[in-house]
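> What follows is the residue order along each chain.
Number of protein chains: 2
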Amino acid sequence: MLGIKNRKTLIENGRSRLDRKARRLALDALEAALKAADPEEIVRSKVGVKGDLLTVGHYEFDLRKFQRIIIVGGGKAGGGMAEVLESLLGSRISDGIVNVPYETGSLETSLIKSHKAGHPIPDDSGMEGAKMMLELVSHLEKDDLIICLISGGGSSLMPLPRGEITLAEKCAVTDALLKSGATINEINTVRKHISDFKGGWLAKKAYPATIVNLVLSDVVGDPLEFIASGPTVPDSTTFDNAVEILRRYGLWEELSQTVKTLLVEGQKGLIEETPKVGDRVFKRVHNCVVGNNRSATLAACSQLRGVGVTPLLLTSSLEGEARHVGTVLASIAKEVDLSGNPLCRSCGIVAGGEATVTVVGCGKGGRNQEIALSSALGISGMDGVAVASLGTDGIDGPTDAAGALVDGKTIARSEECKVDARTFLAENDSYSFFSELNDLIFTGPTGTNVNDISMIIMVK
Amino acid sequence: MLGIKNRKTLIENGRSRLDRKARRLALDALEAALKAADPEEIVRSKVGVKGDLLTVGHYEFDLRKFQRIIIVGGGKAGGGMAEVLESLLGSRISDGIVNVPYETGSLETSLIKSHKAGHPIPDDSGMEGAKMMLELVSHLEKDDLIICLISGGGSSLMPLPRGEITLAEKCAVTDALLKSGATINEINTVRKHISDFKGGWLAKKAYPATIVNLVLSDVVGDPLEFIASGPTVPDSTTFDNAVEILRRYGLWEELSQTVKTLLVEGQKGLIEETPKVGDRVFKRVHNCVVGNNRSATLAACSQLRGVGVTPLLLTSSLEGEARHVGTVLASIAKEVDLSGNPLCRSCGIVAGGEATVTVVGCGKGGRNQEIALSSALGISGMDGVAVASLGTDGIDGPTDAAGALVDGKTIARSEECKVDARTFLAENDSYSFFSELNDLIFTGPTGTNVNDISMIIMVK
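Taken in order, these protein sequences are the chains called H and P.
Counted from 1, the first sequence has number 130 at position 130 by my numbering; the numbering is strictly sequential.
Counted from 1, the second sequence has number 9 at position 9 by my numbering; the numbering is strictly sequential.
Keep in mind the hints are simulated off the structure, nothing from the lab.
Not one of these hints is a red herring.
A pair counts as met if it fits within one copy or between any two copies, since identical chains are not told apart.
Lysine to aspartate or glutamate pairs mimicking DMTMM-like chemistry, simulated, CA-CA at most 25 Å apart: (1) 179 <-> 427; (2) 46 <-> 337; (3) 113 <-> 52; (4) 131 <-> 164; (5) 260 <-> 273; (6) 364 <-> 415; (7) 268 <-> 415; (8) 276 <-> 143; (9) 460 <-> 222; (10) 142 <-> 279; (11) 268 <-> 420; (12) 50 <-> 143; (13) 276 <-> 265; (14) 204 <-> 123; (15) 418 <-> 244; (16) 418 <-> 240; (17) 276 <-> 415.
Being a predicted model, the structure only gives us computed values, none of them experimental.
Next comes chain H alone, as it looks inside the complex:
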């Protein structure tokens, strides 16, 4: 399920023995990272049920104390997480509903219902699921337990516009922010303030029940309030912040009147702010990050070490404009050859996180494909060097590819096909570039998301 579908082609696209070796090692390391991000593996390793004792990471709960156990939540990993959870808790579960992407297969669950929903642009079905979740939790008591399954994509999959805002208006805001180069934290700051579900509202509505949050983090640095926009987490941001972000990216004027009115009312204190730290509604909320980008990048490093390639985990908090991230990665590759710093060959430099793309052209592409394309320009001419970049959800930008793989001959190959890398990069058209070269990485939707992983592999 979590493999790279076109491994063979990707390896054979290497023109030299060393290029093929570097490509193979990169794909192996990416597959190790994907395995470490598999929600089923993760939940199985972090959640345990022994008799009446439920353990979640370091937390322990005596299940005899609870009348009802309710499962809610959503995200790209919602399906896998729900399946394992139901297999562990079985008939102790009273009810449950998780919102998952359309591409998720049928769930092997009978008590937890799955609800297919739109991503990255939310839809009515997602909204319906979110409403059903609020319905489920809003009449619970102190002796009820909610297990909330949170993973990447949750923001889009569980939309619930606040007040008079329509879903179409909410989508327009998200869409504009996604294209503006805003960071995911900025996008989610806005989302929280036009939502009835995010930014702690779910916790407020579920009060006084106990909540355990199983979080598979897709946000750099694992800030709980931004993962799926933190439905059960105190919000540190304000209406003022949301308005400031929309203004900074020049989006305020294009907002619908309803959205503007709500945000301005929020600024004036005419409508309630999102629940903040110290609010009693968070007293019985327990958060546990069960998996994140670091666990995946460390798995990639471990895989490399196992085959004699010295790994360096540069960061799992990578941010920045994708094309410049690619340039920096290539700068490091050059130094390896010029001075043996920061490592000597054979080595693998792994960087996880989530870059941004500021769309200026009319092409098709994604963060990872732009990182790869930009790196290809930097490493052009080198032998035995591969740069791979992949979205662990298997969906890089609005494309069917997970990312792309390049080596020091990629630019030469593109020139032979009369495909000019700089032109395609300038047009944000990395997908078309890599389609020509057959160097897109395809995994299909992986059913998980711990951000992106980029790596430079240099062999001898």
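Position chain P against the provided structure of chain H, taking the given hints into account.
For chain P alone, coordinates are given in the frame of chain H:
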């Protein structure tokens, strides 16, 4: 001469003991790097005269074989290099002229004349010096020796427009390219094709004399043909490349008719291309890189190691848009704290090279100041973390500062002064931001240039 003038203030701006420690260590490491880039130290260590034997790096020359020894060249380090060379060769020198920036003090030379010239925008005086150099070398014979002193800034300091192009027209092209976000290699590709001096023309005019090039590299990766636009180096670029670059950055239409005409004539083969590899004029040309960014970054690493801070030389080929480079550096700092990768505290991550700034705002700043400002946003809130970035020439962009120093409290301090970091960054106004905070690094012109050095220092 090569020290940081405002050390005390910069250290005392740290709010915590650890911040002050990190700041001090960063400044110490920067000073070690500056020392390693000192042209006098470098020439003294790489050039030797014993009796009639001249050694330059691995090259040896029997001085008895030469009738005349002529010194030409220019760059920010031209003064220091010329002084040491004259002290070594004394009256063996027949004649010499070097173009140096206006801010260079009087040279302690009697045989090598120094000629002050404009930088980064060339001026008539620089042109006059370049003409005098051509004059000096154009009547030499096979048994004459030219020692050519090349260092950063040489492109601007030795302008000689080709054909009918006026200096003002040439300056306009350079100026537009500098503001466009073009890389230095791209800028120099254009410069070579509108010059009578660069791109190998000096070598062609000096043929059949022997040429020894002492190169202090200010170009990432030390490509000889791009350092000072390679007056004595075969040119791998073409008129077509130059035109393509000008078009890519949208500058073609604003070119003067004279420049356009010359470039188009060049494309059509109506005027001579720059001399290429294989041309006999390069048969007696010897190039020796005597100092570069790597020697400086390694010196910084060595200084850190000596005081118990584990160094990591990330790259000395750093490229990319400054603000995104800053974000990536901050991503690495975060990872150090979150997982102890790539190093544990106390550590110093050093990255040399030259970022670019695409000017979109109306502010004042430089590459290094933008890297620092952008990093400050990323490391905000951390303790014992400093990020410093410095141009080794002491002049960061069109400012009197060499760079800037930030720590995890920089953003908090700026908020107290009502100075919004994001706004200043968006306006390319890093200089004003750091002026408010007294966190600009001042060295004055250092009389050298081996690009920029950025570092993250994290202490415990």
